[in-house]
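Quick note on numbering: numbering that gives the first Met the number 0 labels position 472 of the sequence shown as 471, and the sequence is numbered without any gaps.
Hints are not guaranteed to be accurate.
[Claimed, not checked] Computed Cβ-Cβ distance ranges for the label pairs, DEER-style:
id	residue 1	residue 2	range
1	Asn6	Ala502	30 to 36 Å
2	Phe217	Glu527	48 to 54 Å
3	Val411	Phe218	28 to 34 Å
4	Ala394	Trp329	28 to 34 Å
The hints are simulated quantities; they were obtained by calculation from the structure and are not laboratory data. All C-beta atoms, glycine included, are put in the ideal place defined by N, C-alpha and C.
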Amino acid sequence: MESPDPNAERRLERRLVRKLDFILLPFLSILFLFNSLDKSNIGSAETANFTKDIGLPASALNISVACFYAVFVTLQPVGAALGRKFGMARYVPTCMFLWGICTALHAAVKKEWQLIVLRTLVGTLEAGFYATTVSYLSLFYTRYEFGRRLGMFYGQVAVAGAFGGLLSWAVFKHFPDQDLPADLNGMQHTTKPFRFRSWQILFLIEGLSTVLIAFVGFFWLPHSAGTAWFLTPEERVHAETRIHNDRAKNAVNDSIEDDENEAVKIDGNDDEDVVSRQNSTASHDSHNPYEEAHHLLESSNDRASIHSVTDDRGLSSNDIISAFTDWKIWYILVCNVLSAIPATAFSVFLPIVVKGLVRSESDVGETAELPPATANLLTVPPFLAGAVVLWSFTAWSDLKHERLRPVLWGLVILLSGLTATVLLPHKAYVPRYLALIVLLAGSFVPSPLTVAWLSNNTLEPGKRAVVLGINGWGNLAGVLSALLFAPRYRSSGYILPFFVTLACVGVSFFGFLGFRAAIVAANKARAELLSNWEPERKAREAKYGDVYVTLTSRNWMERLRGTGSPRRGEDRLTYQFAL
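Turn these sequences into a full structure, and let the hints guide you.
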């Protein structure tokens, strides 16, 4: 039989990844861009006197944001589970279509309860979007292709901030309200006022654009690589196979691969060798019905499992139980909540903070806030800095095959900007604005890289979707930010909220340090346990996860799942967690 041409396979690989990068990834990024815009546009609208125009107190904005995040956070695992159950390719466009309508309806708000209901509906429909979409994206890319692509995807939060600032500036400049005051230089606006309020135009543009993008999504997104309209039959098969092989690479400990007498080696180029050696082992134990059952089940399901590895549908009760009893997600969740306060706060409140932070003093000592158009324009540099730093860090993360170290350095940048913002004098407007840019530069790094870590180290697609949904509870930071950056702190330049945020991020930094140490210790403990095992025992654990271990070697969460259940995915003792 003629061996395959390695150059041809490399060309096929490059062609496949190029198509994913230019057809699938940009569209998913556009979806997330509009998701982020619809989440944050209320802050831009407030700079154009949104609540004042409809006769509401400024606190109504914070209440509506808190209500949004309350349901958005609570329903994260539910949204992720529904997305996995029905498939991202249909579930997300449907939810997006509906929340786009709700966003456009903000233009008709007259009462506080209407605002709260609409924000609650948007939060309900957006819950699970990020977890579902990231889980879907991970089905198409290998582990160390994924970090950069996730960075490009998650970077749309920062891009949305910059784009939203530019869009708001354009809308507020070209459709100024009739009663707008003079600008800081005393110049009156000469553009003819529009009959709609400028914030109404902003909501209509962003809401209807979301509806249009969602409609396109129904036809653009495939359920799996095997059904992707933009791939050839050869590319579809290769797309499935490479993900299957990539997921297997960490399923065995390095000690197995280095053993001269190894019984199994799971690698992308050794599938046939795996089968032949395992079958030869099975032939010696053919009298064992337990062993026979394993091989019968495997032989009937091998092909199906390979061909379903990129499908966006499918969820079992074991996936849910395994996700909720995994200590790692709960540890990371706490760190994520604390580290995400700046990113979630400024995605909504940065235009308001900048409007109050950068002031001009007249000769008589009076101060004037920036006009809406200028305040929104000044939000562009901080968000662009956040996007550039995020993309640089995710590229570094993929290059070094490490997630947690870049997270820690991102937090160092964030802490530097926060410290400067807190310590600089209240009236040092320009230095404090520059400190905000540094602050935002580090704000967007931790979240996507912890998601990449979870995705890389959660091998079962169903469990991965639920884990990412639980991680979505990290958006609790949005509730905290709505309470922190309240209108009563505006006159002081938000000094107290910045102090509290600094403390939270500091705790998160040390939390991530502790998590990295715990993972290193877990890998070391597994390696020491396996060092006393014979190769056949290691091979069986890597393949089936049913090698008996004493209860003292298992944590209480593993016991809760059931002592008779085989270990799956990363729970198998031969698995080494990537850092």
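Ascending list of hint numbers which this structure does not respect: Violated hints (numbers, rising): 1 and 3; every other hint is consistent with the structure.
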